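Engineer: Residues per chain, in single letters:
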Amino acid sequence: LAKVKINKRKIDSGVQRAFMDAALIVHRNIVMVISEPGAFEGFDGDIVDTGNLRANQQPPEIRGNTAIFRNTAEYAIYVYLGYTFRNGSSQPGRPWMKLGLERSGFDAAFAQLLKAGLS
Amino acid sequence: MPNPLEVRLRIAILLNGLIGTYTHVNDYGQEVGTSPALSIEEASGNSPDSTVRVSGLEVILRPNLASPMTPLLGSTLLSHRWEILLKQWDSEADTIAATNRLVGGLPEIVEVGPRVPRSTALDTIEARTLVLEFPEIQNLRV
Numbered sequence: 471l472a473k474v475k476i477n478k479r480k481i482d483s484g485v486q487r488a489f490m491d492a493a494l495i496v497h498r499n500i501v502m503v504i505s506e507p508g509a510f511e512g513f514d515g516d517i518v519d520t521g522n523l524r525a526n527q528q529p530p531e532i533r534g535n536t537a538i539f540r541n542t543a544e545y546a547i548y549v550y551l552g553y554t555f556r557n558g559s560s561q562p563g564r565p566w567m568k569l570g571l572e573r574s575g576f577d578a579a580f581a582q583l584l585k586a587g588l589s
Numbered sequence: 545m546p547n548p549l550e551v552r553l554r555i556a557i558l559l560n561g562l563i564g565t566y567t568h569v570n571d572y573g574q575e576v577g578t579s580p581a582l583s584i585e586e587a588s589g590n591s592p593d594s595t596v597r598v599s600g601l602e603v604i605l606r607p608n609l610a611s612p613m614t615p616l617l618g619s620t621l622l623s624h625r626w627e628i629l630l631k632q633w634d635s636e637a638d639t640i641a642a643t644n645r646l647v648g649g650l651p652e653i654v655e656v657g658p659r660v661p662r663s664t665a666l667d668t669i670e671a672r673t674l675v676l677e678f679p680e681i682q683n684l685r686v
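So the sequence lines, in the order shown, correspond to chains S and H.
Just so you know, we're using the numbering used here here: the first sequence kicks off at 471 and counts up by one.
Just so you know, we're using the numbering used here here: the second sequence kicks off at 545 and counts up by one.
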């Protein structure tokens with residue numbers, strides 16, 4: 471007879487910790503994108519105007535197995551998704567959170583952090 | 545992958561009675577005709593034609609925006625991503641009814657974007673983007 475046992479509590483806490491740390495990496499990348507000149511095609515400058523948008527980028531909210539990234543600036547949705555003026559001209563969106571997430575390599579970062587946390 | 549004109553037709557049927565109007569004007573600003581405000585935007589991204597005035601709900605179909613590839617059992621799965629952009633030029637109306645009809649009638653819709661509300665401060669109109677996906681398998685080895 472041979473037995474193998476896992477330390478479930480250690481694994482659960484390692485997963486949670488790695489998830490939170492990976493979410494923080496995403497958050498940092500999101501904030502970097504906001505301040506990065508030329509991050510979006512067609513826009514030479516960065517998104518920062520008064521610094522309000524960057525200041526309103528909230529830290530990730532962890533709900534179970536979901537991390538929620540949110541910006542609470544009143545005009546964030548217009549910058550993020552773009553808008554059309556009544557005169558017909560339009561401004562394309564600059565989805566900084568999506569880009570920050572793409573750049574973060576979340577899955578790889580999570581796997582690496584988890585491995586480090588469990589070893 | 546479907547023909548954009550076929551998808552346009554399906555949208556026209558689903559949104560019967562909701563679609564606004566393009567009013568075409570000549571160089572002197574005189575009206576020369578009208579058509580349903582339902583158009584297909586080319587990949588280059590057409591800017592609004594200055595000889596067209598829009599009223600009510602405008603629907604813009606953007607075909608072939610991207611086609612990410614995924615390996616699939618020796619073949620390739622292409623996911624052709626299209627968009628439907630809804631713009632509501634009537635300040636008394638919204639994009640909700642049109643969104644509900646499209647979601648109910650187009651199973652290819654994989655993402656419903658949030659409503660970008662009109663803003664009197666920015667002088668902008670309400671808009672919403674829906675994403676469609678048309679999967680296609682290529683190089684299938686039998």
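Bear in mind the hints are in silico, worked out from the structure with no lab data behind them.
Among the hints, erroneous ones may be present.
[To be verified] Straight-line Cα separation of at most 25 Å, DMTMM-like style, residue types lysine to aspartate or glutamate; simulated pairs: (1) S:Lys568 x H:Glu636; (2) S:Lys473 x S:Asp491; (3) S:Lys568 x H:Glu575; (4) S:Lys480 x S:Glu572; (5) S:Lys478 x S:Asp491; (6) S:Lys480 x S:Glu531; (7) S:Lys568 x H:Asp571; (8) S:Lys568 x H:Glu550; (9) S:Lys568 x H:Glu585; (10) S:Lys585 x S:Asp491; (11) S:Lys568 x S:Asp516.
Only a predicted model underlies this, so the values are computations on that prediction, with no experimental measurement involved.
Engineer: Look at each hint and say if it fits the structure.
Structural biologist: Each hint tested on the structure:
{"no.": "1", "hint": "S:Lys568 x H:Glu636", "in the structure": "32 Å, violated"}
{"no.": "2", "hint": "S:Lys473 x S:Asp491", "in the structure": "33 Å, violated"}
{"no.": "3", "hint": "S:Lys568 x H:Glu575", "in the structure": "43 Å, violated"}
{"no.": "4", "hint": "S:Lys480 x S:Glu572", "in the structure": "29 Å, violated"}
{"no.": "5", "hint": "S:Lys478 x S:Asp491", "in the structure": "20 Å, holds"}
{"no.": "6", "hint": "S:Lys480 x S:Glu531", "in the structure": "23 Å, holds"}
{"no.": "7", "hint": "S:Lys568 x H:Asp571", "in the structure": "42 Å, violated"}
{"no.": "8", "hint": "S:Lys568 x H:Glu550", "in the structure": "31 Å, violated"}
{"no.": "9", "hint": "S:Lys568 x H:Glu585", "in the structure": "24 Å, holds"}
{"no.": "10", "hint": "S:Lys585 x S:Asp491", "in the structure": "13 Å, holds"}
{"no.": "11", "hint": "S:Lys568 x S:Asp516", "in the structure": "16 Å, holds"}
When held up to the earlier numbered hints, the structure conflicts with 1, 2, 3, 4, 7, 8 and fits the remainder.
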